[in-house]
Amino acid sequence: MRPLLLALAMALIASPALAATIEVTIDKLVFSPASVQAKVGDTIEWTNKDVFAHTATVKGGWEVMIPAKSKGKVTLKAAGAVDYFCRFHPNMKGYIEVVP
Amino acid sequence: MFMRPTAALAALFLISAAPLAQAADKPTDPQIAHIAYTAGSIDIEAAKLAIKKSKNKEIVAFAKDMERDHEAVNKQALDLVKKLKVTPEDNDTSKALAKAAKEERGKLAKLKGADFDKAYIENEVAYHKQVNGALETLLIPSASNAELKSLLETGLKIFQGHQQHAEHVAGMLK
Numbered sequence: 001m002r003p004l005l006l007a008l009a010m011a012l013i014a015s016p017a018l019a020a021t022i023e024v025t026i027d028k029l030v031f032s033p034a035s036v037q038a039k040v041g042d043t044i045e046w047t048n049k050d051v052f053a054h055t056a057t058v059k060g061g062w063e064v065m066i067p068a069k070s071k072g073k074v075t076l077k078a079a080g081a082v083d084y085f086c087r088f089h090p091n092m093k094g095y096i097e098v099v100p
Numbered sequence: 101m102f103m104r105p106t107a108a109l110a111a112l113f114l115i116s117a118a119p120l121a122q123a124a125d126k127p128t129d130p131q132i133a134h135i136a137y138t139a140g141s142i143d144i145e146a147a148k149l150a151i152k153k154s155k156n157k158e159i160v161a162f163a164k165d166m167e168r169d170h171e172a173v174n175k176q177a178l179d180l181v182k183k184l185k186v187t188p189e190d191n192d193t194s195k196a197l198a199k200a201a202k203e204e205r206g207k208l209a210k211l212k213g214a215d216f217d218k219a220y221i222e223n224e225v226a227y228h229k230q231v232n233g234a235l236e237t238l239l240i241p242s243a244s245n246a247e248l249k250s251l252l253e254t255g256l257k258i259f260q261g262h263q264q265h266a267e268h269v270a271g272m273l274k
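Chains as they are written, first to last, in the working numbering: chain V, 1 to 100; chain Z, 101 to 274.
Don't read these hints as lab results, they were simulated from the structure. Where hints are given, some of them may not hold.
[Said to hold, decoys possible] List of simulated lysine-lysine pairs, DSS-like, C-alpha gap at most 27 Å:
(1) 183/Z to 59/V
(2) 49/V to 274/Z
(3) 28/V to 175/Z
(4) 183/Z to 69/V
(5) 73/V to 249/Z
(6) 229/Z to 28/V
(7) 249/Z to 28/V
[Unchecked claim] Cβ pair distances, simulated, as ranges:
(8) 83/V to 244/Z: 25 to 31 Å
(9) 21/V to 233/Z: 37 to 43 Å
(10) 155/Z to 32/V: 38 to 44 Å
Please read these numbers as outputs of a predicted model, since none were measured by experiment. Glycine residues also receive a C-beta, built at the ideal position from the N, C-alpha and C atoms.
Working from the sequences, and respecting the hints, build out all of it.
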């Protein structure tokens with residue numbers, strides 16, 4: 001039993017920290033907070049309080065649809081900093097810094 | 101052939117810019133509510149025409165975005181006037197806007213294909229620019245009720261977004 005427990009404990013230690021969910025609120029066409037920091041594997045969840053549909057769009061990258069009075073989310077797969085915007089209202093802008 | 105729609109548009113922009121410039125007198129809240137609602141309805145009508153007429157995927161998608169957003173704004177406006185017990189009041193600015201829009205729709209209705217798409221999206225850019233100017237310089241500063249002012253401010257952000265979106269779509273057509 002012992003070696004097995006040890007292996008299990010080591011596996012737990014070696015496994016990466018639990019992925020977090022980072023909340024971003026959209027209210028009156030503003031992403032808040034506009035700038036967030038996350039780790040690879042974390043999820044960003046947008047809560048849209050507006051009666052308008054929005055998107056979180058990275059030019060040449062991913063896009064999340066965030067319907068009116070609803071939520072949308074994305075799990076971050078790559079490290080790096082990304083600017084995102086709403087494709088329907090390009091004056092809405094956000095920023096995510098993804099660390100490994 | 102290629103010059104004509106452009107010249108017509110340029111002329112129309114001058115004409116359609118006039119109604120809001122004329123409104124030198126400070127409008128009242130019931131008038132402001134009517135102007136804002138009329139401005140939204142005009143864009144919904146234009147969107148419906150584009151959805152019906154255009155075969156361009158980007159144009160149709162843009163028009164559907166306009167229809168959806170402006171219907172949502174106008175619903176909020178109606179809910180607010182009901183709550184405030186304000187009756188929107190027709191006025192010269194609303195009338196001039198509606199008249200200019202009717203003429204524009206008449207012109208757009210005669211165009212087809214790429215000519216229609218170009219004229220529609222260019223008018224969307226010009227129209228949102230015009231409405232944003234009116235919101236910033238006249239309607240928002242004139243609004244006395246705080247909730248109405250706040251709705252107009254959200255409206256301005258939405259319309260500024262639409263203007264940028266329209267400019268992006270117009271750029272893609274070129």
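Tested hints:
1. For the proposed pair residue 183/Z and residue 59/V, the alpha carbon gap of about 41 Å is over 27 Å, so the pair is violated.
2. The suggested pairing of residue 49/V with residue 274/Z is violated, with an alpha-carbon distance near 36 Å, which exceeds 27 Å.
3. Taken as a hint, the residue 28/V and residue 175/Z pair is honoured in the structure, with Cα atoms around 15 Å apart against an allowance of 27 Å.
4. Among the hinted pairs, residue 183/Z with residue 69/V is consistent with the structure: their alpha-carbon atoms are about 21 Å apart, no more than 27 Å.
5. Taking the CA atoms of residue 73/V and residue 249/Z, the gap is about 32 Å. The hint is violated against a cut of 27 Å.
6. The straight-line distance between the Cα atoms of residue 229/Z and residue 28/V is roughly 20 Å, inside the 27 Å bound, and the hint therefore holds.
7. With a C-alpha separation of about 13 Å, the suggested pairing of residue 249/Z with residue 28/V holds against the 27 Å cut-off.
8. Distance hint check for residue 83/V and residue 244/Z: the Cβ-Cβ separation is about 39 Å, which falls outside the suggested range of 25 to 31 Å.
9. In this structure the supplied range 37 to 43 Å holds for residue 21/V paired with residue 233/Z, their Cβ-Cβ distance being about 41 Å.
10. Taking the beta carbon of each, residue 155/Z and residue 32/V are about 39 Å apart, inside 38 to 44 Å as hinted.
Consistency note: the structure conflicts with the earlier hints numbered 1, 2, 5 and 8.
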